[in-house]
Amino acid sequence: MNGVHDMGGMHGFGRIQREDNEPVFHHRWEGRVFAVEMAGVGGANIDHGRHSIERLHPDRYLAYSYYERWLGAFLLRAQETGLLAPAELAAVASDSLPPGTPPTNPEPSDTLLRGEAARLREEGRMEPRFAIADRVRARNMHPEGHTRLPRYVRGKVGTIVLSHGPQVFPDTRAHGLGPHPQPLYNVRFTSAELWGESGGAQDSVFIDLWEDYLDPAEADG
Amino acid sequence: MTKKRDRRSVLQGGLGALAATTMGSSVLGSEGPGGGHSDEHGHEHPHHAPANRYLEPRRTPQENEALAERVEALENLLVEKGLVTRETLNAIVETYENDLGPMNGARVVARAWVDPEYRTRLLEDATPAITEVGYGGSQGELMVVVENTPEVHNVVVCTLCSCYPWPVLGLPPRWYKSYAYRSRVVIDPRGVLAEFGLELDESLEVRVWDSSAEVRYLVLPERPAGTAGLDEEQLAVLVTRDAMIGVSRVEAPAP
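Here the protein sequences come in this chain order: A and B.
In terms of the numbering used here, the first sequence has 288 at position 143, counting the first letter as 1, and numbering is strictly consecutive.
In terms of the numbering used here, the second sequence has 1352 at position 27, counting the first letter as 1, and numbering is strictly consecutive.
In case anyone wonders, no lab produced these hints; they're calculated from the structure.
Where a beta carbon is used, it is the ideal one built from N, C-alpha and C, also for glycine.
Where hints are given, some of them may not hold.
Claimed, not checked - On the chain A side, residues computed to face chain B include the following (Cβ under 8 Å): (1) 147; (2) 167; (3) 181; (4) 233.
To be verified - To spell it out: a stretch of chain A is covered by chain B in this simulated footprint if at least three of its residues, at any positions, have a beta carbon under 8 Å from a beta carbon of chain B; those stretches are: (5) 205-212; (6) 304-315; (7) 349-359.
Chain B with its partners taken away, still in its complex shape (with noise of 0.2 Å):
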């Protein structure tokens, strides 16, 4: 925990209004739902190679080796210069990859879930009730909460950039990121969420969220049939991101 407190300090101290904090430990750890972290020695990961070409323009190992030696060359020039220590850039990078992601959302969801009076909180003023599971900062100083319902099925987006709820998914994953999902989603949002497995019967109203300003938007997912008996620590480990984009359902557990 020293350690934890030690990066937010960091981050509280250097970021002013860019400033992210987790204000809670999270119960899940970094092994949540689709968490995941790269790497410190710079191993690069061997999943993403022909069948994900388009999430971004490629890169041989060559050019990543170039890129990665033109940062390091900045990272020297801005520590040299005194704008930025190493700890810093450390604190900043080990926060993101440690303790924001969507174990963090999950138990905003899974609070919702099993507690009526919170989802009624959570549903009406979303950033109070998501700083009281101890969540709250940068990118997630604005909250607000949409549901999913038998009705109407919520999925956000953000067109012009990247915006997302940092506090409670973490970084956005690159399909999130790609101009595929930024262009195709709020022009032909079922064929864009078919693509993820989800089809929409046709009565079903679609609610596309543009994240265009400081706002951000989070999707409490239907909870699904067959979890009467789970209690929130287990509700929350089903829970996934795509869910809370929007993107997916949330599956009951296998019997």
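If we strip away everything but chain A, and leave its shape as in the complex, we get (with noise of 0.2 Å):
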């Protein structure tokens, strides 16, 4: 989704601000969400996870903390899975449950997922389709729920660097519709390409991408 989480190259958050002697946590409470969310608890794999938080709404998502993200997102999916009565939601939600995009789809759990993924790459199934220094153009998509393609690099082109072999595709796995393993590249795209005169001239990005997000540069050009 063309959320406010995919923030690469957005201005006006000002300067890095920096704190020496961070605690692990700041407060007992995050520690005690962090776990919770680890634990397991209400099932959910790490894309859909990640997908809760891109749902909170974009006014909450920027003026929660780091784990009120966190905590907002689970409460969100206890309320969407019935994980929590909406009685007891109210007991621990103290204002209404924020606003959030509605899922696309219920969604199973699927943690053991990531062990389809090596087995396929162990049995070296999935034949990339793509070796390194092929040029590919990012996809220009703009699906409404999940992916981990930014929009800075969609419509760009790049080269690959890397091949990391098979990985569950986000897009899927975050709307329980399976784990789609597929190949997992390193894409380098030059600041030029992805900036144009407001990159550096000696600067590269390096992102990982599958292969559902890239097209042969030349198909497309």
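Relying on the hints, combine the two individually framed chains into one complex.
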């Protein structure tokens, strides 16, 4: 989805602010929220989990601190899946739940699917469509659901630099539409290609992209 | 060690694909570079006030109190419903506060600096090479190590969320998750690095690695001059979290 989480290249967020001797968790409640998610309560897979953070209303996404987003996303899913009853939710949400984008598909848990990708890799299946040094164009696609293809590379031409082997496809897995494992590549885009005159002449961005995000560069040139 | 093993078994039993483990004990402990932990008793650290107000949306003490109450109510509810136990939550928090952190990545870097064959293995296939030193698991299942040289400087980000190599660096600092870092480092890496005090020569190539999938990237910093006499453990102490993300260099120890 073209959400506010897709921040690469945006302006306006100010300077980088650092904190010395930062604790792992700044408040005890942050660690508890983290642990609830890590314990797998509710059974979301990682893609579904990320998408539920993205589905928080942009007002909330930007205003929440990091672990508030985790909490908000957990409660959003708890509401949607019925993990918590309305009365139970009312007791743990101080205000009304954030208006989130509804899921496009009810989702089963499929936490074992990573193993599926590893098995396919070991068996040597899935011949990659692209080879190292191939020129590829990231598709100009705008799915309303989850995707890991950021806006700033869509339509841009890059070069394959690493072939990572098959990985499960977040765009379907986040929505319970299956693992669809497919080759994952690292693609290098020059800063000039991505940012035009604003890009540094010596600089590049390297980003991991699934095969379904890519076309041969000459195909739509 | 018994306590640690217990924690690990809880994690491996309960987390499925999200499980995180450290496979070795950390020689540097939690006081290693960039380490730190919050107070178990809910004490609020005083060092994140006005100067850091852009790190995250600010919360008043009252708002934090309200959040703490809500999360406590949520935890009580989940435990009552039998969805999780407090012991599981405690074990997860303790693992991430104590066992995972940049002291782990620092050992990997130091070994690469003293052992050329290890360095080659690390750069060619990082996941097993890092497992050799004792680290792996969630958010580190597929690792790639990229090397800084006099010609190339690497820096890592996750523009879409907060992906970060947990087994070797622990959980990310706030600035790594900040909207400013996520938005800017891909379009203006040199400007961002300058804010970290890293002024790069024009001729140097900057490579920004945006962690958009399940591959996690670790920067192998340049070994500083004047460290020829140091052994692996002494070198590991010099290696910082920020250098392994790529926003700073490793400095030689003061003479």
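### Contradicted hints - numbers only
Violated: hint 1 alone.
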